[in-house]
Amino acid sequence: MEDSTSPKQEKENQEKLGEARRSWEGKTAASPQYSEPESSEPLEAKQGPETGRQSGSSRPWSPQSRARTPLGGPAGPETSSPAPLSRREPSSTPSPPAPARQDLAAPPQSHRTTSVIPEAGTPYPDPLEQSSDKRESVPLHTSQSERNTFQQSQQPKPHLCGPRDVSYNNAKQKELRFDVFQEADSNSDCDLQLPAPGGSEGAPSMLETAIQNAKAYLLKTSSKSGFNLYDHLSNMLTKILNERPENAVDIFENISQDVKMAHFSKKFDALHNENEMLPTYEIAEKQKALFLQGHLEGVDQELEDEIAENALPNVMESAFYFEQAGVGLGTDETYRIFLALKQLTDTHPIQRCRFWGKILGLEMNYIVAEVEFREGEDEEEVEEEDVAEERDNGESEADEDEEDELPKSFYKAPQAIPKEESRTGANKYVYFVCNEPGRPWVKLPPVIPAQIVIARKIKKFFTGRLDAPVISYPPFPGNESNYLRAQIARISAGTHVSPLGFYQFGEEEGEEEEEVEGGQNSFEENPDFEGIQVTDLVESLSNWVHHVQHILSQGRCNWFNSIQKNEEEEEEGEEEDEEKEEPDYIEQEVGPPLLTPISEDLEIQNIPPWTTRLSSNLIPQYAIAVLQSNLWPGAYAFSNGKKFENFYIGWGHKYSPDNYTPPVPPPVYQEYPSGPEITEMDDPSVEEEQAFRAAQEAVLLAAENEESEEDEDEEDDYD
Amino acid sequence: MDADSLLLSLELASGSGQGLSPDRRASLLTSLMLVKRDYRYDRVLFWGRILGLVADYYIAQGLSEDQLAQRKTLYSLNCTEWSLLPPATEEMVAQSSVVKGRFMGDPSYEYEHTELQKVNEGDKVFEEEIVVQIKEETRLVSVIDQIDKAVAIIPRGALFKTPFGPTHVNRTFEGLSLSEAKKLSSYFHFREPVELKNKTLLEKADLDPSLDFMDSLEHDIPKDEETGAQRVKPKDTVSVKVLELHSSGMNWIVK
Numbered sequence: 001m002e003d004s005t006s007p008k009q010e011k012e013n014q015e016k017l018g019e020a021r022r023s024w025e026g027k028t029a030a031s032p033q034y035s036e037p038e039s040s041e042p043l044e045a046k047q048g049p050e051t052g053r054q055s056g057s058s059r060p061w062s063p064q065s066r067a068r069t070p071l072g073g074p075a076g077p078e079t080s081s082p083a084p085l086s087r088r089e090p091s092s093t094p095s096p097p098a099p100a101r102q103d104l105a106a107p108p109q110s111h112r113t114t115s116v117i118p119e120a121g122t123p124y125p126d127p128l129e130q131s132s133d134k135r136e137s138v139p140l141h142t143s144q145s146e147r148n149t150f151q152q153s154q155q156p157k158p159h160l161c162g163p164r165d166v167s168y169n170n171a172k173q174k175e176l177r178f179d180v181f182q183e184a185d186s187n188s189d190c191d192l193q194l195p196a197p198g199g200s201e202g203a204p205s206m207l208e209t210a211i212q213n214a215k216a217y218l219l220k221t222s223s224k225s226g227f228n229l230y231d232h233l234s235n236m237l238t239k240i241l242n243e244r245p246e247n248a249v250d251i252f253e254n255i256s257q258d259v260k261m262a263h264f265s266k267k268f269d270a271l272h273n274e275n276e277m278l279p280t281y282e283i284a285e286k287q288k289a290l291f292l293q294g295h296l297e298g299v300d301q302e303l304e305d306e307i308a309e310n311a312l313p314n315v316m317e318s319a320f321y322f323e324q325a326g327v328g329l330g331t332d333e334t335y336r337i338f339l340a341l342k343q344l345t346d347t348h349p350i351q352r353c354r355f356w357g358k359i360l361g362l363e364m365n366y367i368v369a370e371v372e373f374r375e376g377e378d379e380e381e382v383e384e385e386d387v388a389e390e391r392d393n394g395e396s397e398a399d400e401d402e403e404d405e406l407p408k409s410f411y412k413a414p415q416a417i418p419k420e421e422s423r424t425g426a427n428k429y430v431y432f433v434c435n436e437p438g439r440p441w442v443k444l445p446p447v448i449p450a451q452i453v454i455a456r457k458i459k460k461f462f463t464g465r466l467d468a469p470v471i472s473y474p475p476f477p478g479n480e481s482n483y484l485r486a487q488i489a490r491i492s493a494g495t496h497v498s499p500l501g502f503y504q505f506g507e508e509e510g511e512e513e514e515e516v517e518g519g520q521n522s523f524e525e526n527p528d529f530e531g532i533q534v535t536d537l538v539e540s541l542s543n544w545v546h547h548v549q550h551i552l553s554q555g556r557c558n559w560f561n562s563i564q565k566n567e568e569e570e571e572e573g574e575e576e577d578e579e580k581e582e583p584d585y586i587e588q589e590v591g592p593p594l595l596t597p598i599s600e601d602l603e604i605q606n607i608p609p610w611t612t613r614l615s616s617n618l619i620p621q622y623a624i625a626v627l628q629s630n631l632w633p634g635a636y637a638f639s640n641g642k643k644f645e646n647f648y649i650g651w652g653h654k655y656s657p658d659n660y661t662p663p664v665p666p667p668v669y670q671e672y673p674s675g676p677e678i679t680e681m682d683d684p685s686v687e688e689e690q691a692f693r694a695a696q697e698a699v700l701l702a703a704e705n706e707e708s709e710e711d712e713d714e715e716d717d718y719d
Numbered sequence: 001m002d003a004d005s006l007l008l009s010l011e012l013a014s015g016s017g018q019g020l021s022p023d024r025r026a027s028l029l030t031s032l033m034l035v036k037r038d039y040r041y042d043r044v045l046f047w048g049r050i051l052g053l054v055a056d057y058y059i060a061q062g063l064s065e066d067q068l069a070q071r072k073t074l075y076s077l078n079c080t081e082w083s084l085l086p087p088a089t090e091e092m093v094a095q096s097s098v099v100k101g102r103f104m105g106d107p108s109y110e111y112e113h114t115e116l117q118k119v120n121e122g123d124k125v126f127e128e129e130i131v132v133q134i135k136e137e138t139r140l141v142s143v144i145d146q147i148d149k150a151v152a153i154i155p156r157g158a159l160f161k162t163p164f165g166p167t168h169v170n171r172t173f174e175g176l177s178l179s180e181a182k183k184l185s186s187y188f189h190f191r192e193p194v195e196l197k198n199k200t201l202l203e204k205a206d207l208d209p210s211l212d213f214m215d216s217l218e219h220d221i222p223k224d225e226e227t228g229a230q231r232v233k234p235k236d237t238v239s240v241k242v243l244e245l246h247s248s249g250m251n252w253i254v255k
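Protein chains in written order, with this note's numbering: chain A, 1 to 719; chain B, 1 to 255.
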């Protein structure tokens, strides 16, 4: 079996091209019959180097050829079969000589491998050579060294050149034929074509036919997708062997799907537009700008230095404390907000700035900054109020001009309560919002009492767009920016607290105590504040005070008496008549004065309005006191004795134990005085009309008769 | 959140403002590991935190091999010692649905609820006021159960079902692309399906029985454009947050 005469090689090369393939396939296919685990090893090894060495080979048929190895039929009763058989045994037990031999045979595969030259290939019998031609080297790279040693041990090298060349040529011929063969095979719906030389060997066995039929079936292309099962299975096995997932059998179907999908995705890649402007990229661009703020054109270097200390709050420090309490945004986001605030303070003339909090919305969130402008620098919008007043005057004049044909409605719209001046009451601070750090800051308009009053009655989620309309009942006068501002005002008034003594009242006294606009509304920091023990802060709520004015139910902080103005108007416009049902006296609304301790806050259904905690029970000496509001879930305040800060993060709604129900519309208003002009009556029916007419005629007749009688009387008198 | 990837998940969830203080985080990591070992769970998830007036409850859930099976719920007040909660029954849920208001924070606290019950005594039927005591623990169990049923979601493809029944984590799941992640249809309710049988045959034909065996989020009511029951919101990074508005506090992060 180890004959290596060249003529025999040639003859056998020609003859056994197809057969050798079969025989080789048979060999390898039968190897599983021998011992499965061992055969799997050579298979794996085959396919391992297979994938790595596909440099020279084209794709379509290499998997086929490779995959063909397990499916080749066993060698029939051929003369070469004992040789393969005997060789098979050593191959299944990976003993060094056999693999080495196979490796030596592998070199002749010049058409597969790039560099191997069959040096010692000739000593081997043709079948081996041929078979090794087709096979893509069993444990080739694993036993490269063996091959090398073996090659070295080969003595008859020089004289092998001749036969080697011949065999090389033969190999090439085989290669050509094999290519043709395989390409023919790669077409669909063809049985395995047994080449003529192969057919001359003898009738193929039943088993072999069956195997070939099975293989033909597997090679059948699906009419839907153009794949065939053979390719698919080989791709899948390749993938599994490459990736080696655990419990591959459990996820087998998924791998199958992935392989199928991979086919498609390749085709689409060519058409797919790679340059997607994902929204994430845009946001990243904007945020990058934040980080590049280093170069400031020197507007007023001195001023900036002056203000730089006051204006920008130390957001990171507050964030650290809040994190102890378990509240806050992540560190990255906080830092970006910090930079955004810095940008804000640089572009606007701001005296003081504070990170108020974050309000969550459906589509986007709001980051809110509380800002106090420098003296005289804020831009006021006084136009709105004037316009409203003019409109009222215009309407009253129009009423007077009309004659009294139409019934006059005595409905008077309640006078709009004017908003508070800036820097006082609810408009003490100006608020800026942005959706993401990096986006431009937008200033929120000042809040009007009517907005606060209605905001108390509705509950809407924020969408994240400032110009979104707020559709509700009672109708909200404004869009989302107004609603946002109103909620911010309510939250600030309800939850901004500070430790007792941190703020004290200003030195001015006595002026405003008589007037209706009561209460002190100015305070300043107490320079002598010494701090309160953290434990005290936690135990008792009276150590905390509100430092924002309470908003009355009117919607303002300072009471506005609408009657006074009405009296003035009455004097001016005396044509307006009676029947005004206004009360002569409206009770002044009083709220708790500034700097009231929060222990005075009202409870909701037996729930205390505030919850106090220590930030950590494990290390009490460095813990901080944390206040959570139960009235406005999401409002937090912390203090470590000396420092304090307020923060809000949430949806912007007040807590209510029941679900929200919109208020019922009021009953229909009696607008017009009821009189005959507008009282509804039924139209007279036909009989009534006739009766009426008859009565009228009767009266007329009677009148005429009387006249005629009188005339007759008078005439008689004359006679 | 898986106990293994707790820190990362917390960082991602921080956008809504709720986080954990460092000592809680540290104690969570260690104690969850111990819970996993002691109870022999396959995976331990940190479910979240329920705020109470006096104290907060920290809730964790343990899963066995089958992902859809009933989960064991544990609670702790200090993130170090965990106690097992009984599984929720319908009776519990019905009973605690009458309790409103905040949680107290004390598991042995009892809510009192007066009910009018008709009592038959002989021929007379009159109503008596009966005060029913409901333990906070019961309420806790039922609330967690309700939130899970309503809101627990999972992206499509993360679990798959084998013919033998148990559901497994799909290890070939690589995540959703950004466009897929924005659609509500790529998420399912993480519970036994309720509506699946009501689908028409045409719809069912499109489904893949190994992946689509739970209710999709698409058909949740209200379907109103403005106030969707579930909202998908892309965050500034690659992640996507799904907010459930009804309970206003449940966030799911998909990265």
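To be clear, the hints were calculated from the coordinates, so they are not data collected in a lab.
Be a bit skeptical, because a hint or two may be false.
What the hints assert, rightly or not - Derived PhoX-like pairs: lysine-lysine, alpha-carbon spacing no greater than 25 Å straight-line:
(1) Lys-460/A to Lys-100/B
(2) Lys-654/A to Lys-457/A
(3) Lys-457/A to Lys-412/A
(4) Lys-239/A to Lys-100/B
(5) Lys-161/B to Lys-260/A
(6) Lys-457/A to Lys-161/B
(7) Lys-161/B to Lys-654/A
(8) Lys-215/A to Lys-286/A
Checked hints:
no.: 1; hint: Lys-460/A to Lys-100/B; result: 22 Å, holds
no.: 2; hint: Lys-654/A to Lys-457/A; result: 11 Å, holds
no.: 3; hint: Lys-457/A to Lys-412/A; result: 23 Å, holds
no.: 4; hint: Lys-239/A to Lys-100/B; result: 57 Å, violated
no.: 5; hint: Lys-161/B to Lys-260/A; result: 20 Å, holds
no.: 6; hint: Lys-457/A to Lys-161/B; result: 49 Å, violated
no.: 7; hint: Lys-161/B to Lys-654/A; result: 44 Å, violated
no.: 8; hint: Lys-215/A to Lys-286/A; result: 60 Å, violated
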